[in-house]
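Assemble the complex: chain A is given as a structure, and chain B must be docked to it using the hints.
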Amino acid sequence: MSEESKNRLPEDKPLVIDGKVYSSRLLVGTGKYRDLTETGHAIETSCAEIVTVAVRRSNIGQNPDEPNLLDVISPDRYTILPNTAGCYSAKEAVRTCKLARELLDGHNLVKLEVLGDEKTLYPNMTETLIAAEELIKDGFKVMVYCTDDPLLAKRLEEMGCIAIMPLGAPIGSGLGIQNRYNIRLIVENAKVPVLVDAGVGTASDATIAMELGCDGVLMNTAIALAQDPIRMARAMRLAIEAGRDSYLAGRMPKKLYASASSPLDGMFF
Amino acid sequence: MIEIQLNGEPLEVPDQATIAVLLNQLSVTGKRLAVEVNEDIVPRSCHDEYKLNPGDRVEVVHAIGGG
Numbered sequence: 001m002s003e004e005s006k007n008r009l010p011e012d013k014p015l016v017i018d019g020k021v022y023s024s025r026l027l028v029g030t031g032k033y034r035d036l037t038e039t040g041h042a043i044e045t046s047c048a049e050i051v052t053v054a055v056r057r058s059n060i061g062q063n064p065d066e067p068n069l070l071d072v073i074s075p076d077r078y079t080i081l082p083n084t085a086g087c088y089s090a091k092e093a094v095r096t097c098k099l100a101r102e103l104l105d106g107h108n109l110v111k112l113e114v115l116g117d118e119k120t121l122y123p124n125m126t127e128t129l130i131a132a133e134e135l136i137k138d139g140f141k142v143m144v145y146c147t148d149d150p151l152l153a154k155r156l157e158e159m160g161c162i163a164i165m166p167l168g169a170p171i172g173s174g175l176g177i178q179n180r181y182n183i184r185l186i187v188e189n190a191k192v193p194v195l196v197d198a199g200v201g202t203a204s205d206a207t208i209a210m211e212l213g214c215d216g217v218l219m220n221t222a223i224a225l226a227q228d229p230i231r232m233a234r235a236m237r238l239a240i241e242a243g244r245d246s247y248l249a250g251r252m253p254k255k256l257y258a259s260a261s262s263p264l265d266g267m268f269f
Numbered sequence: 001m002i003e004i005q006l007n008g009e010p011l012e013v014p015d016q017a018t019i020a021v022l023l024n025q026l027s028v029t030g031k032r033l034a035v036e037v038n039e040d041i042v043p044r045s046c047h048d049e050y051k052l053n054p055g056d057r058v059e060v061v062h063a064i065g066g067g
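So the sequence lines, in the order shown, correspond to chains A and B. The first sequence begins at 1 in my numbering and counts up one residue at a time. The second sequence begins at 1 in my numbering and counts up one residue at a time.
The following block holds chain A by itself, in its conformation from the complex (with noise of 0.2 angstroms):
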């Protein structure tokens, strides 16, 4: 397609968080890349706006010049969002964001996640409820990983979480959205931003979550553990722009038998 024609497609409406209006609707993680080198060029290259981090013990005495993350990803150009990746527990998860919250001089944007075992990684609801409520009466604007029951995720918007963040397979497994039924009705109930967070493996699967009508896809594994993981960012970068073109223009109605595409009419014999 032509740019001039492209212009003359109505404009999307951009996706806003917290206020904020952001034009790229992938949400990018700095987690398992190479170096911090690999982790600014793959960020660059995704065009990604929200940057997700986690929260660790400084390592007091070892390379005391060593770069750090935030000096790569800066938060003056990016919207960081602390993690709370590797707590059991609402109590920890908690305690993780208000450390984020120091950390970043008051910021208080951060995305929940509450685990529920080690070998799944899925998300315990019911701590993340316990989370989610005391993280609000704080003042915290909480962007929430949940599983991707519908009801779990109404429960949440109306708690006043400001971004719905249901799985679509395990943290880091790579197997694409697996239950799209659940993912769409959850989109269909939502007032407030829903992005697939987790277990996106290729930029189809990508496409498939924004032609679900997600409002974008958060993903870390999928770009750092490629083998060219700047490549994959720019394949992850237009997989959601593609997706979200093919959501905005509806597609056809699938069929059971062939429709000819060229007209039967006129033929010559």
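Because the hints were derived from the structure by calculation, they are not lab data. For glycine and all other residues, C-beta sits at the position ideal for the given N, C-alpha and C. Any given hint could turn out to be false.
[Stated by the list, open to error] DSSO-like mimics (lysine-lysine), calculated; alpha carbons at most 30 angstroms apart, straight line: (1) A/141 <-> B/31; (2) A/191 <-> A/137; (3) B/31 <-> B/51; (4) A/154 <-> A/137; (5) B/31 <-> A/20; (6) A/154 <-> A/91; (7) A/20 <-> A/191; (8) A/154 <-> A/119; (9) A/91 <-> A/119; (10) A/20 <-> A/119; (11) B/31 <-> A/32; (12) B/51 <-> A/91; (13) A/191 <-> A/254; (14) A/91 <-> B/31; (15) A/137 <-> A/32.
[As the list claims (entries may be wrong)] A short, non-exhaustive set of chain B residues, derived as facing chain A with CB atoms under 7 angstroms: (16) 7; (17) 26; (18) 34; (19) 41; (20) 55; (21) 60; (22) 61; (23) 62; (24) 63; (25) 65; (26) 67.
[Claimed, not checked] Calculated from the model, a selection of chain A residues having no Cβ within reach of chain B, i.e. all distances over 10 angstroms: (27) 58; (28) 102; (29) 158.
Leaving out everything else, chain B in the frame of chain A:
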């Protein structure tokens, strides 16, 4: 000197040491860090006044790569 726990390891700091003194001792003054003592946040604005006590459990954390 008094002994505190820093990120789970014992560490000796001078009597009456503040968080600011501790961070200076660790050569991390001015770095992007957050400090917690006995599971309560000590805001950056209080680092100069907050005095450490023997046995305090201090956590110094930073942002690292994560998804």
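Structure-based check of each hint:
no. : hint            : in the structure
1   : A/141 <-> B/31  : 25 angstroms, holds
2   : A/191 <-> A/137 : 20 angstroms, holds
3   : B/31 <-> B/51   : 20 angstroms, holds
4   : A/154 <-> A/137 : 18 angstroms, holds
5   : B/31 <-> A/20   : 27 angstroms, holds
6   : A/154 <-> A/91  : 23 angstroms, holds
7   : A/20 <-> A/191  : 16 angstroms, holds
8   : A/154 <-> A/119 : 27 angstroms, holds
9   : A/91 <-> A/119  : 21 angstroms, holds
10  : A/20 <-> A/119  : 36 angstroms, violated
11  : B/31 <-> A/32   : 23 angstroms, holds
12  : B/51 <-> A/91   : 26 angstroms, holds
13  : A/191 <-> A/254 : 28 angstroms, holds
14  : A/91 <-> B/31   : 27 angstroms, holds
15  : A/137 <-> A/32  : 33 angstroms, violated
16  : 7               : 4 angstroms, holds
17  : 26              : 5 angstroms, holds
18  : 34              : 4 angstroms, holds
19  : 41              : 5 angstroms, holds
20  : 55              : 19 angstroms, violated
21  : 60              : 5 angstroms, holds
22  : 61              : 5 angstroms, holds
23  : 62              : 5 angstroms, holds
24  : 63              : 4 angstroms, holds
25  : 65              : 4 angstroms, holds
26  : 67              : 3 angstroms, holds
27  : 58              : 5 angstroms, violated
28  : 102             : 4 angstroms, violated
29  : 158             : 27 angstroms, holds
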